[in-house]
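Spelled out, the chains give:
There are 2 protein chains.
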Amino acid sequence: MHELRKDYIFDRWVIVNTERAKRPQDFMRQHPKISEGNACPFCPGSEHITPPEITRVEEKGRWVLRCFPNRFPAVSLEENPALKTSKDGFFTSCGAFGKHEVIVETPVHGEQFSDLGVERIAQWLRLVAGRVAELRKMKGIGYAAVFKNHGLEAGTSLSHEHTQIIAYNKVPGNVARECEAIAKYRRKRGKCPYCEIVSLERKGPRLIAENSGFVAFTPYASIFEFEAGIFSKRHINGFSEIKEKEFPELAGLLKMLLSRLGELDAPYNVYFHEAPRGCVQHFHVKIVPRFITWGGFEHCTGCVINTVSPEQAAEFYRGK
Amino acid sequence: MHELRKDYIFDRWVIVNTERAKRPQDFMRQHPKISEGNACPFCPGSEHITPPEITRVEEKGRWVLRCFPNRFPAVSLEENPALKTSKDGFFTSCGAFGKHEVIVETPVHGEQFSDLGVERIAQWLRLVAGRVAELRKMKGIGYAAVFKNHGLEAGTSLSHEHTQIIAYNKVPGNVARECEAIAKYRRKRGKCPYCEIVSLERKGPRLIAENSGFVAFTPYASIFEFEAGIFSKRHINGFSEIKEKEFPELAGLLKMLLSRLGELDAPYNVYFHEAPRGCVQHFHVKIVPRFITWGGFEHCTGCVINTVSPEQAAEFYRGK
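Residue numbers (this note's numbering), protein chains in the order written: chain S, 39 to 358; chain E, 39 to 358.
Don't take each hint at face value.
Put simply, identical chains are the same to the list, so a pair is met inside one copy or across any two.
Claimed, not checked - Restricting the straight-line Cα-Cα distance to at most 27 Å, the calculated cross-link-like pairs of lysine-lysine (DSS-like) are:
1. K271 with K241
2. K177 with K283
3. K125 with K283
4. K122 with K222
Quick caveat, the hints were computed from the structure, so don't treat them as lab data.
All chains, full assembly: derive it from the sequences and hints.
And the structure:
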């Protein structure tokens, strides 16, 4: 079952995916472990274990980046995306329709993403942009969510560095709300708020670094310790508007930030926000370290307690 | 610093609390550990370590429940709650004003909350209700968030069972949005949506158990594996409307659900939603087990992947 269900009264959706059915006993507190070594499905030599390859980037005759469908997808092209609502209106669902892909970022097991060269990271960005363009063209797809989980506390169980893309039949709530807030501001002021924010943060205490295409800073109301954002300087809506010479620029800032986090052996997520079809966004990347586990207060209220000020976090990233 | 900051463009707030200032090196991945044994500040004999006691419940001349201010509060009565906004409108903040209290739930280190008797859990509920009433009376308080973190993966670092209350100068976003959705439904249909949902879920496959005052079920679009809710059958707004005979009823359902989770040694949070002043809510308790760590997809999109269907979860709680 790959089902999207809507909350009784909110516009909040959940993917109920019971394909890897577990019994309650399987949840017994076994401190989760990162799978290691011999049988890694992402290592060279295991290509036959993965679903058929979609694309690869080669260097000297061997792959360095490799993209294929997720073996345990959260969404499926077999599902029916038609919406069903009960007569009382409280039970709304549809199939979780879409594609779930994996991009392995290095053939070397144990190599850290932040240790890859800037040019390799740029190649990775080009590959991601290509997959997103392809997936967005598919009928019925609302958004292609690109994300990376690094480390156990960031939600991964495979240590071999990889990215995932889930393209599905919804515009994600977080993205939709952001686009609405941008549209609202533009109606009032005639400008993109993130364009304004970027020019303010470039001059402020939360600036980390910048180059001609992008600027990295720690957001004023960060909800993660050491959260950072990389925003395009030009107003661009998404991957498809990145210019060829800008890929290494974005890659350079990503490498800088993730290298700093690497010094702390930090678990982290990376994800991208771009515009769904017909919406306006200001393309950006978020880097969210996962040092602290949210507790009951965060889940009760939706208000997070951040124990590091964004100004301190920016200082850390800037180094010296 | 106890500061509330608003996101650039959303109505999303974060408490920036750098009172326990840490250097970046302090975040080096040391897999966090639950503090154990000798120097537990919540054990009998350590009463002098905690800030001055607010109240206690005694049995046979010794305390069994004990309430005192949190030694490392997330909010403070010293902060100025007045709102400050920059001229451009992007930087909004105020002091994180309020009180942060702790309730120790047993004198016995290592005793599990779910092993307490129903009458003790009822006493705990009465104590919580009393503290919430007191804190809500304070000028400048918008909400008193009551929550419990059990286990490392649920955000606690102290294994001695305890509850926390953070009363502060905001209505939490999650609570505000819920009240708005309830008000919207009432304007349209003249009824509380949760009253309707409770009567539907009582007859459905997600029912866990009920008694004369309360009903426990797994919400249709649960965002946590094995999430459960306990809703009052009568429409009541919050703690202050619970009748004396209903405390043991609520306690009984809580004990049943948490005992089942105890069999899996599950980390979990418990929290309460009630109405802020002037709003309508339908009082309920949420039990959210914390088996799975959210990754980049969840934080990117706001859409969660739940690997256990609520129907399977209800079956687990019902047992045979």
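Taking the hints in turn, this is what the structure says about them:
1. Proximity of K271 and K241 under a CA criterion of 27 Å is satisfied intra-copy only: 13 Å inside one chain copy versus 55 Å between copies.
2. Neither within a single protomer nor between protomers do K177 and K283 lie at most 27 Å apart by alpha-carbon distance, with minima of 31 Å and 57 Å respectively.
3. Taking the closest pair of Cα atoms, K125 and K283 never come within 27 Å of each other, the shortest separation being 54 Å inside a single copy and 36 Å across copies.
4. Taking the shortest Cα distances, K122 and K222 sit within 27 Å of each other only across copies (22 Å), while inside one copy they are farther apart (30 Å).
Of the numbered hints stated above, those contradicted by the structure are hints 2 and 3, listed in ascending order.
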